[in-house]
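Residue-level listing of the chains:
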Amino acid sequence: MSLAPRPPHNVGPAPFAGQVAVDRSVFTVVAAGETLGIPIASVRTIFRVQGITSIPLAPPEVMGLVNLRGKIVTAVSLRTRLGVERGADHGSPLAVGLENRGEDFALVVDEVREVVPLPENRQIPIPANMHAARAGLVREVHQIGDRILTVLDLDALLDLGRHHPA
Amino acid sequence: MTLVSELVLTRNQLLEIARHRADDIIKAPLQRLSAVTTDLQEGVMHARMQPIDRLFSNLPRLVRDLANELGKRIDIVTSGADTELDRQLIELIRDPITHLIRNCADHGLESPEDRRRLGKREAGVIRIAAAHDSGYITIEVGDDGRGLDVERIRQKASAMNLASEAELARMSNDEVCRFIFAAGFSTAAKVTSVSGRGVGMDVVRENIEAIGGTVSLKTTVGAGTTFTLKIPLTLAIAPALIVRTAGHRFALPQHAVVEAVAIWGEESSRLEDVQGALMLHIRESVIPCIDLRTLLKLDGEPEAPEQERLAVIMRFGPSAFGVVVDTVSDVQEIVVKPLGRSLSHLTVFSGNTILGDGSVVLILNPNGLAAHIGLDLANHYSDAAQSKQLAPAGTHTRLIVFRAGNGPLKALPLSLVSRIETVAREEIEDIDGMKAVHHLGKLMPVIDVNRCSESSTERLHVLVIGVGGEPMGLVVSEIVDIVEDALAIEIAGKTESVIGSTTISGQATEIIDLQYYMRIARPDAFARGNARRYSVLLVDDKPFFRDMLAPVVAAAGYEVRTASSGAEVLELVKHGVQFDALVTDIDMPGMNGYVLAQRLREDPARQALPIIALDAHAGSNIVTAARAAGMAGAVGKFDRKALLEHLKNALGSDRTILQGIEAEFLRGVAA
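Chains as they are written, first to last, in our numbering: chain A, 1 to 166; chain B, 167 to 837.
Hints are supplied without guarantee of correctness; some may be wrong.
Capping the alpha-carbon separation at 30 Å, the derived lysine-lysine pairs in DSS-like fashion look like this [as the list claims (entries may be wrong)]: (1) K396/B to K384/B; (2) K660/B to K708/B; (3) K503/B to K708/B; (4) K384/B to K322/B; (5) K71/A to K193/B; (6) K286/B to K384/B; (7) K740/B to K193/B; (8) K708/B to K396/B; (9) K71/A to K463/B; (10) K708/B to K71/A; (11) K708/B to K193/B; (12) K503/B to K71/A.
Don't read these hints as lab results, they were simulated from the structure.
Just chain B, with the same shape it has in the complex (with noise of 0.2 Å):
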């Protein structure tokens, strides 16, 4: 794994001396070279993952013993044991899990008789699930018995002086729960064989931040706690934002990373000083930001005025901070190297690296900097509003959920439907070898999902669709719901008509794909673009970019597909993928976004194509290069206002049509 990690250090070194010297005779090799080394790393890591039953599987003997130890009778349920994680981590969570369990076993589950007393089955439960998430592994262990004694933690806590009397009666359960992650902390009465031997919560929570993971837990009284993990997937090679301030840089874990966004003049987010401490006012919530050059007393020049400095915003259990940085530079794959010991007293670096160009950065600790803001890791409790109000904008979509004969639910972004009409079953007329009903005075095209007008009642629903002028309806039996979820796709679609399915409120939904049936109904339409929305393309090697720009881009009312490199779209594009507008990296491995642009223009179809170039920083040479390559412009990758202002140059935003229709129907709706 070293072995690897290091090839890719030199792999990464040999890029950026190649990216500054034209040399064409070494880029070929170097690229092959470059994906070969993926490849391997990609195989390596992928053989280092094992299914976490290797874990799981010796838990039943684990859970068997401490029950004929304790007196108890307990089952143990484990789910997601096919989750795979590295090989590595698995070890090193194998302590801090038996811990856990050993814990639920002798402190949270009670004992046979207390069971059958309190009306609980007398086996007690310990669950096990472990599942992926974002790039983590969460790890739940939990228990059906008494749940945490609150009183007994505060009483504890005061006695240890962890927190004073007065302080301790303003916090709330939830917060008093924390002290059990404190050093030393125990409130078992009597110590037995099984735990409380001096290895303590604090331990375990010690154990897992040590890999850059977080530990909280949940209780309720009479009905058991559950401690979730979360754990990263792998140690090794993770990307990082690499973020300058004052003449250093550092890098960020990206997988801490949610976004980075402007801290002034920008409306949507803007940072304010409150009595000396940093605040950060984005979309409606307000969280709390350090500035790097304050917390690390840098005294280099700034190397952006202050106005287009950013905010980091880093994730943090349920919550999140901001690090403010003078800018972004780059994201790097790195191979993170711990601290020496000598260093290790400085909590704000988890550890070190080795950069591209051969430089040293140290590697910023998002626990270490949420600590010197106050955050507290144990304190994580579900907070669903906050994490809610944090998600990047654009990640929730309206959907209209409806039924068309048998089969599944199926939805449709509600955004992309301008009515919804009652119609009687003979209405729908057949002409031409295709169905129509009289809208608004003309014929509309509609078709019949899933031939439901056969098998249906008599009143039938007609979805219409289309902004402009040719609009087509989509016939369904019954509309059942509006919600608003995450459109993530969770399996691709298998026929054409299916985008893909999802979970919508519990139950199993298809997304339908609308374009299919816009070919069938519209095709005229469909070709000349003028009944759908803008639909943009956006390419990005890095996939932090791609995810951060793509919903700025759709929730400014674009259709956003992206690709991740100039070959991927030239074959999507061979494919038969239309598109209006291409907004390309410029600096990406294989082709660059210049030679991309020129490429596509070779085709006389695309010579009106708008091309929108991106780079890190959008300066006056990056511009001239950009139009030089018969691009419309170049466009910071931060500067999403920007952005947008291009897009909407180039193409008009059909955004606010679409929101009050939207907001119309939703008035329909609620009467």
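Chain A on its own, in the form it takes in the complex (with noise of 0.2 Å):
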């Protein structure tokens, strides 16, 4: 795993150093008992999820649709994405509303956080470690404190169907 930063994507939103700081915060989410952290730009709306008519033949991460306010989202679950069990099944699951490349997503998480504002400078490599598929969910790896924060890839976590971790 080369150390230098990754290349960005040409689609998403590309980070780099003296973006404005709203554009550095990511919103936080909980999955599987880790923390992950989502880019704040993309995040619409946080809504419990009713209702899902599943998609026969789709990939397992998707729960299905949803109607959210007259509109229909795909909802993904972060964690079959993340490739862990989806946990038990009960009523509402909490959901992030994202916008993805002009699609509209619900992220299914087990805990939604704060907001956490990036610091500069403290991007650290992708850990070389890192199993490779989850290694490809990730965009970028920060040090916030004593804590590290993983921020996801939406580009490749939302690439579903075509692009599928081994």
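Put the two chains together into one complex; each comes in its own frame, and the hints tell you how they fit.
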């Protein structure tokens, strides 16, 4: 794994130094006990998912379609996407409404946490010992205080069906 | 347009809510809102409709430029320029049509020298015709050129490994031609600036399929090639059948649905597992089927016992296939939304939509389903025999075509005629202000249609009408033919004696209104109803069910009239329309079936009128409610057998008598 920061994705927002603070903030969520960051520019809303219509033949991480105030969004289980067993089903799971490349998604998570501003110059390389499938979903890794925060690459995360972790 | 779509959806949601609670205060304003929404929707749809002339008007210039560029002489002939379709669609088909014309000009038409040598006119002709065809627009683009070179396509297909040599050798020419729609296929030896620039027929096919259309072609060596595009009228709002299978709901676009049939037990349709492939026997033909449960790997509990499951027959070009589902729960207007890109690889779905109850359902893609069965869209050849078999029963009627004096041909359903007599002119007697002839030892009133006995020859024919004891006759001058044709009225009748006009064997023909003549000749018999077939009024707010059930009832020997609402029925009744039985949907906006039944019963003359309720599921509670409302019973909308049983019990069917007469009669004609 190269030590240089990953080249910016050609479609997604390019991470580079000097961006305004709000773009440098991430929304933190918890899935399978792990705290993960989502670029705040993509986050639209947080809601409890009700009435999921499952999609036959869809990849396992796709939980189904949800009516979010008249808009049809694709619900994706973050746990399953990360390769962790989907948690026990309880009535209406919590989801983060996201927009990615013109499409609306509901990323189903275990918990939502606060918005964390990413400090300048605290980015560290993606750990070389991270599983390749997981590393492919990570945009950058930051050291914040005594914690390490992984920021998800939504383009990769929501590239369903085509690009599958082995 | 999006706003109207949203409005329609919200309206549907409100209606759904109102359906579940009997709150009369909101019902009236909600009905008004619903009606206004429908009007607005129609208005907006109408405003979006534009004549296809918008596209056609640019074509002469395109063709002139093409002719100059290619050194050919080309005439363009357009027809149906006033055919209207959605503005958005006109823009979407502009490129494919332009491409087809370029293709015709470049590859189809020969050079002027070649044409002269072949004995053709030097100027080639490119024809473009647009027409409406049952919810679709068909656009034909054709040339009178050399036709496709099937051998070249065969070679190319083999070179591109699209099929093995052996397979190709087995394929018919038509099957081979469909390879031109394969990706990257071009037989043009030279790439010209006009066509063959990497944009092939595959792109045309893709573009047309993307808007829910199909493309097919017909070619004749030396006489030209014609491409036929079939595209839906609009993209925005479409009625759909909501089907249920193993706990899932899906929408099936109604434009593709022919009918829904039972798959078990009934002798007319039966499902069979042939080496793992499901085949449905339906009226003499066999069509392939897929079980949604298997196809979509659904493991939920079945919602209906195996023998009550249904096959929804989907139209697919000239052929058809069946989709086996647990039940059909509803018909709804849906606003089609495309699937997100991340799910677009699921070709069995074409989109999704939000139903009236707020839930999301996936829309099944007929083309994708067909591909799973192995039917190929490009393989659309006119196979009239096949499509004829799949036409719903009862759409074809035997008609007797005759002449009466001068004027156009006239026709009458043969089933109404019990005999044909030949009489001499002087045998027609004038009695009591009307005409009569001796028939089977009795005087029979006759109507001198178009006063043909005054102008006509010595020998006249009398069509004897009436199965009951009181026959009447129509005097006509000549029996022209007996044909089997779809009785589709193309122009509604202007005069009382004509139901309307239609085309039979290429000739404009008036379908005469027998009731009009019967009223004159046998007013008493007419009122008693014993000299005619029983008539059934079928009421359903969904055109789908009207279209599906009317032929079923008609085929059983009843006269069918349809109405779309309770209000329409009351209006008909007010205008003196008579019927012997009423079959009504329960769940209708405005006035439900129970209320309609009660309103009709208010008139003492209709105390005994048999009323049969229709519901998606005729459960015991519906049957009880129907009986409480004074109805004879309730039947499921897909249970034709039960419907006909009920009608028979209520009225008795005179079908057998009529059929006997018709058979006897046909033997006579054949002899």
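Quiz item: Are K708/B and K71/A close enough, with their CA atoms no more than 30 Å apart?
Solution: Measuring from Cα to Cα gives roughly 27 Å; hence the hint holds.
Practice problem: Compare the distance between the alpha carbons of K384/B and K322/B with 30 Å, and conclude whether the hinted pair is satisfied. | Solution: Given pair K384/B, K322/B holds - Cα atoms ~19 Å apart, limit 30 Å.
Quiz item: Does K71/A pair with K193/B here, judged by a C-alpha cut-off of 30 Å?
Solution: holds, 27 Å
Exercise. Given the hint that K503/B pairs with K71/A, test it: the Cα-Cα distance must not exceed 30 Å.
Key: holds, 10 Å
Quiz item: Is K71/A close enough to K463/B, meaning Cα to Cα at most 30 Å?
Solution: Judged against 30 Å, a Cα distance of about 27 Å means the pair holds.
Quiz prompt | Satisfaction of hint between K396/B and K708/B, Cα-Cα up to 30 Å | solution = Answer holds: K708/B to K396/B is near 24 Å, not above 30 Å.
Quiz item: For the pair supplied as a hint, K396/B and K384/B, is the alpha-carbon distance within the 30 Å limit?
Solution: holds, 14 Å
Quiz item: Taking 30 Å as the top limit, are the C-alpha atoms of K740/B and K193/B close enough?
Solution: holds, 25 Å
Quiz prompt | Hinted pair K503/B and K708/B, Cα distance within 30 Å | solution = holds, 22 Å
Quiz prompt | Straight-line alpha-carbon gap K660/B to K708/B, limit 30 Å | solution = Measuring from Cα to Cα gives roughly 28 Å; hence the hint holds.
Practice problem: Take the C-alpha atoms of K708/B and K193/B, compute the straight-line distance between them, and say whether it is at most 30 Å. | Solution: holds, 20 Å
Practice problem: Quickly compare the C-alpha distance for K286/B and K384/B to 30 Å and report which way the hint goes. | Solution: Cα-Cα ~20 Å, so holds.
Comparing the model with each numbered hint stated earlier shows that all of them hold.
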